[in-house]
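*Asks:* Chains as they are written, first to last, in the numbering used here: chain A, 1 to 98; chain B, 99 to 248.
Bear in mind the hints are in silico, worked out from the structure with no lab data behind them. None of the values given here were measured: they were computed from a predicted structure. All residues carry an ideal CB built from backbone N, CA and C; glycine is no exception. Treat the hints with care, as some may be off.
Below, simulated BS3-like cross-link-like pairs (lysine-lysine); rule was C-alpha separation at most 30 Å, straight line [to be verified]:
no., chain 1, residue 1, chain 2, residue 2
1, B, K242, A, K91
2, B, K177, B, K143
3, B, K242, A, K77
Example chain A residues on the side facing chain B (calculated, C-beta under 10 Å, incomplete) [said to hold, decoys possible]:
no., residue
4, D61
5, D73
6, V78
7, N97
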Amino acid sequence: MNVPGIRPSILPQIESAVRPPQQSTLKEVGKSFDSMLTNLSQTQNYSDNLMTKLAAGEEVDLHQVMISADQTDISFKVAMGIRDKLVDAYKEISRMNV
Amino acid sequence: MSFWSSLRISSSALFAQRLRLDTISNNVANAETTKTDTGGAYQRKDVVFTAANKVPYLANLMMTKRSIGEKALNLQGVKVAQIKTDTTPGEKVFEPTHPNADVNGYVTYPNVNLVTEMTNMLSATRSYEANLTMVEAAKTMANKAIEIGR
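Only chain B is shown next, with the shape it has when bound in the complex (with noise of 0.2 Å):
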């Protein structure tokens, strides 16, 4: 049914907006992490999204064909193309007695902005709910169209 195609790219978008959330959890909960196992303080990551070429891993969930729709202005949703890693270098702080100190007492702490953080969260979690109205909008239209029976 054509309908299911607006959920399924609405839900490629969930599940995206999803991961960059858990990409600045991990930034947060990584905020003060001065040591990795990389070596060097930890630097914060990043989702990168594109526009997805070929069926998303949620096609088996809608499992009808593609709609027209979809094949002729080749509409496939979002996709997380890569999780990339900012290199901007962190703050150096004084901290002599700090385990992680170099040889002239200084920590490199990671590159993350708390506040560039939430504003993030923020975007994301609003961007979650705007998809969701989407699935919405998609359902209650569908069940509008089954009511022309009645």
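Next up, chain A with everything else stripped away, as it sits in the complex (with noise of 0.2 Å):
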């Protein structure tokens, strides 16, 4: 019997959109991390700008500061296990015998 595999329609989409990396030294991993500190940054300072307009008894929806909270935590999670992740990668290195 013919079994099709699943196709759905967004897989080429996908495929494009995924495209190899290219080719990276350690100081261009550390650019990108500070790339994403400063976004996690700008994550935080808008949960905390919607934090203060509600504290404020501004006009702002409270699953809308929640949600912003909850990003927030998420982005500050990701952030520290990709730092876990580099400084293992770098202690893994001092340890090397020479």
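Grab the two chains, each in its own frame, and use the hints to assemble them into the complex.
*Replies:* As structure tokens, then:
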């Protein structure tokens, strides 16, 4: 029996969106981590701003505040995960016998 | 991050349901209002939802670019297209002493039916909860994804 695989119509677009990474040096990894931290700080600022507005009694939706707080939480966890990975890699290299 | 698109879509629904609850509150509050600025009794309002065709008002909350799924499938959440007024005539009650009675002594009451409003209110509340569950699910998935590295 011929069972065709699932071929969602968005597959080609996903394939074109995910390009193979270019060769990167450690410097570039540091750079992209840096831009990620900038992004994280923007998220935090936004969430902070919303909370201030809520506290001041301005017109903000409660769910908007809570979702942005959660978003900050997740972004922060991701950043911490990546930091741990980078530090692990550094430690691994520094322990290398010469 | 692609998880944000789920959050963005769900939050557009949360906003829509909250607005729906606002209109229901207004209907219940004005259930006995026999005179409005436009003349005549209050007429109940109802929200009309449509699938949003551009990034909803929360776009800046998630500030990231739209995910592949959002772009390809055109998933943009829901938006409130309009708040329509129900023009079905309200009940007429014979009350000659009422200040808003007509020449024949009849007062037109609003076309608000409390049973309908309560049912809609429950529906809005449950729908809000359902969308909150979606938010939770997206969050749980993201947190699980973070655990991959541990």
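*Asks:* When the hints from earlier in the document are held up against this structure, which numbers fail?
*Replies:* 7
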